[in-house]
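Engineer: Let's have the full structure, built from the sequences with the hints guiding it.
Protein chains in written order, with the numbering used here: chain A, 1 to 179; chain B, 1 to 196.
Some hints could be false.
Okay, derived cross-link-like pairs now, DSSO-like style, lysine-lysine, Cα gap no bigger than 30 Å in a straight line [to be verified]: (1) B/K188 to A/K57; (2) B/K192 to A/K57; (3) A/K57 to B/K123; (4) B/K113 to B/K123; (5) B/K140 to B/K192; (6) B/K143 to B/K173; (7) B/K113 to A/K57; (8) A/K159 to B/K123; (9) B/K140 to B/K123; (10) B/K113 to B/K140; (11) B/K143 to B/K188; (12) A/K57 to B/K140.
According to the in silico footprint, chain B covers these stretches of chain A (three or more CB under 8 Å from chain B) [to be verified]: (13) 20-27; (14) 47-57; (15) 126-139.
Beta-carbon label-pair distances, calculated as ranges [claimed, not checked]: (16) B/D165 to A/E117: 40 to 50 Å; (17) B/T191 to A/I176: 50 to 60 Å; (18) A/K57 to B/P20: 26 to 36 Å.
These aren't lab readings, by the way, just hints derived from the structure by calculation.
Cβ coordinates follow ideal geometry from the N, Cα and C atoms, glycine included.
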Amino acid sequence: MSDDAADVQRVLAGDVDAYAALVDRYYDRCARFAIRMLGNRDDAEDALQATFLRAYKALNRYQERDRFSAWLYRILVNQCRSIAARRAHREKVFVREEALLLNAPDRAVVWTGEDEEFVQRVLSELDPLLREAFLLKYIEELSYEEMSALTGVGVSALKMRVKRACDRLRERWERIKND
Amino acid sequence: MTDSERHPYVELIAREARRPVVTDQAARQRIMAAVRAEPLPRRRSTIWGRVIAPRSFTLSPVTGSLLAAGLVGIGVLAGALTSNRVGRPPVGQVPPVASGLPVSLQASDTVVKFVFVAPNAAKVSLVGDFNDWTETRMEKAEKDGLWSVTLPLSVGRHVYSFVVDGAWLVDPKAPMAGDGYGRTNSVKVVTKGSTL
Numbered sequence: 001m002s003d004d005a006a007d008v009q010r011v012l013a014g015d016v017d018a019y020a021a022l023v024d025r026y027y028d029r030c031a032r033f034a035i036r037m038l039g040n041r042d043d044a045e046d047a048l049q050a051t052f053l054r055a056y057k058a059l060n061r062y063q064e065r066d067r068f069s070a071w072l073y074r075i076l077v078n079q080c081r082s083i084a085a086r087r088a089h090r091e092k093v094f095v096r097e098e099a100l101l102l103n104a105p106d107r108a109v110v111w112t113g114e115d116e117e118f119v120q121r122v123l124s125e126l127d128p129l130l131r132e133a134f135l136l137k138y139i140e141e142l143s144y145e146e147m148s149a150l151t152g153v154g155v156s157a158l159k160m161r162v163k164r165a166c167d168r169l170r171e172r173w174e175r176i177k178n179d
Numbered sequence: 001m002t003d004s005e006r007h008p009y010v011e012l013i014a015r016e017a018r019r020p021v022v023t024d025q026a027a028r029q030r031i032m033a034a035v036r037a038e039p040l041p042r043r044r045s046t047i048w049g050r051v052i053a054p055r056s057f058t059l060s061p062v063t064g065s066l067l068a069a070g071l072v073g074i075g076v077l078a079g080a081l082t083s084n085r086v087g088r089p090p091v092g093q094v095p096p097v098a099s100g101l102p103v104s105l106q107a108s109d110t111v112v113k114f115v116f117v118a119p120n121a122a123k124v125s126l127v128g129d130f131n132d133w134t135e136t137r138m139e140k141a142e143k144d145g146l147w148s149v150t151l152p153l154s155v156g157r158h159v160y161s162f163v164v165d166g167a168w169l170v171d172p173k174a175p176m177a178g179d180g181y182g183r184t185n186s187v188k189v190v191t192k193g194s195t196l
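Structural biologist: Structural data, given as structure tokens:
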């Protein structure tokens, strides 16, 4: 039995503290996805809180033949989608402001290499559909089959989204280079 | 990676985005505080398992006497309701049958039956907001390829999809709604006494 399965069994047997082990094991990885996906830490924390709470309440529906991490990720992806949709208006404002900043003539768009804000800004320029696929593929390093099971989107559509995300990034680089 | 995916800028962004993020220990503590405020998730069990599961409880002598008297009263009342004066069911009366509903149903729950025709499918599941998008397996009828599952749902609007051998499909009989991410789900509005 895996560590995850053992912890789930302990929780279902009444040991709530065993859930802390699961939270500790997956929090950082989930946080990285949520922050990259939603673009800010407040929204990401809301998504994480809702994800871990929903997973806890649904723990009796988790089936051991599935990987716990994949099951948890499916909940996380849906939570991020819900929060993004709920706050769509605010996000649009955010993206527009970022676009204005990037297009400002006096702003040097030079990447120092370790600027987290810069990475966030680049990712926020991607359409959420493309961003989600890009993150799952190259940041979470899932296979297309795993991504399909997690998102409910077909493998060919996911490949197309990842390719488009990469195309957008490449185009961005060309723009910067030519400025 | 394809050519565009292998681009150095793409690789750079991906590598930087893979860097771990700094997280706040207090946020984990807030999660665990919220978790501890929730009731314990119960192990799944079958209805029959719940019925035959041994239970122990303690009663005071007074409570025990009252309970015994109450049980006798219920027995007498049930006998009077289900039998005619000579102790046999009236002619043509159908004997009472167990409803088969999950015992965890609350008074506010409404039972909804989901059905999907897929004669050649090996596995059909139901996912929706009501099960946190985790798959609830559907049972296949032997003859007509009809898969079904019955769930208690709260009154309100629910979105769902069927997962047929891994592919998400909408319900052809239900209204549809986009999820804002290029996928379409089916919609079920549950009112009191709804079925599907």
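Engineer: Under the criterion that the straight-line Cα-Cα distance not exceed 30 Å, is the pair A/K57, B/K140 satisfied?
Structural biologist: 28 Å, holds
Engineer: For the pair we were handed, B/K140 and B/K192, check the Cα-Cα distance against 30 Å.
Structural biologist: 27 Å, holds
Engineer: Quick check: the stretch 126-139 of chain A, covered by chain B? Criterion 3+ residues, Cβ under 8 Å.
Structural biologist: With 7 residues in contact (Cβ-Cβ under 8 Å with chain B), the coverage given for the stretch 126-139 of chain A holds.
Engineer: Using the beta carbons of B/D165 and A/E117, state whether their distance is inside 40 to 50 Å or not.
Structural biologist: Taking Cβ atoms as reference, B/D165 and A/E117 lie about 44 Å apart, which means the hint holds.
Engineer: Quick one, are B/K143 and B/K173 close enough, alpha carbons at most 30 Å?
Structural biologist: The given pair, whose Cα atoms are some 21 Å apart, holds under the 30 Å limit.
Engineer: When you check the alpha-carbon spacing of B/K192 and A/K57, does it fall within 30 Å?
Structural biologist: Holds: B/K192 and A/K57 sit about 25 Å apart, inside 30 Å.
Engineer: Please verify whether B/K113 and B/K140 have alpha carbons no more than 30 Å apart.
Structural biologist: The hint holds at about 13 Å.
Engineer: Quick one, are B/K113 and A/K57 close enough, alpha carbons at most 30 Å?
Structural biologist: 23 Å, holds
Engineer: Hint check: B/K143 vs B/K188, CA-CA at most 30 Å. Holds or violated?
Structural biologist: 27 Å, holds
Engineer: Verify the coverage statement for the stretch 20-27 of chain A against chain B, using a C-beta to C-beta distance below 8 Å and requiring 3 or more qualifying residues.
Structural biologist: holds (count 4)
Engineer: Is B/K188 within 30 Å of A/K57, Cα to Cα?
Structural biologist: 23 Å, holds
Engineer: Please count how many residues of the stretch 47-57 of chain A have a CB within 8 Å of a CB from chain B and say whether that reaches 3.
Structural biologist: holds (count 8)
The structure fails none of the hints (numbered hints given earlier).
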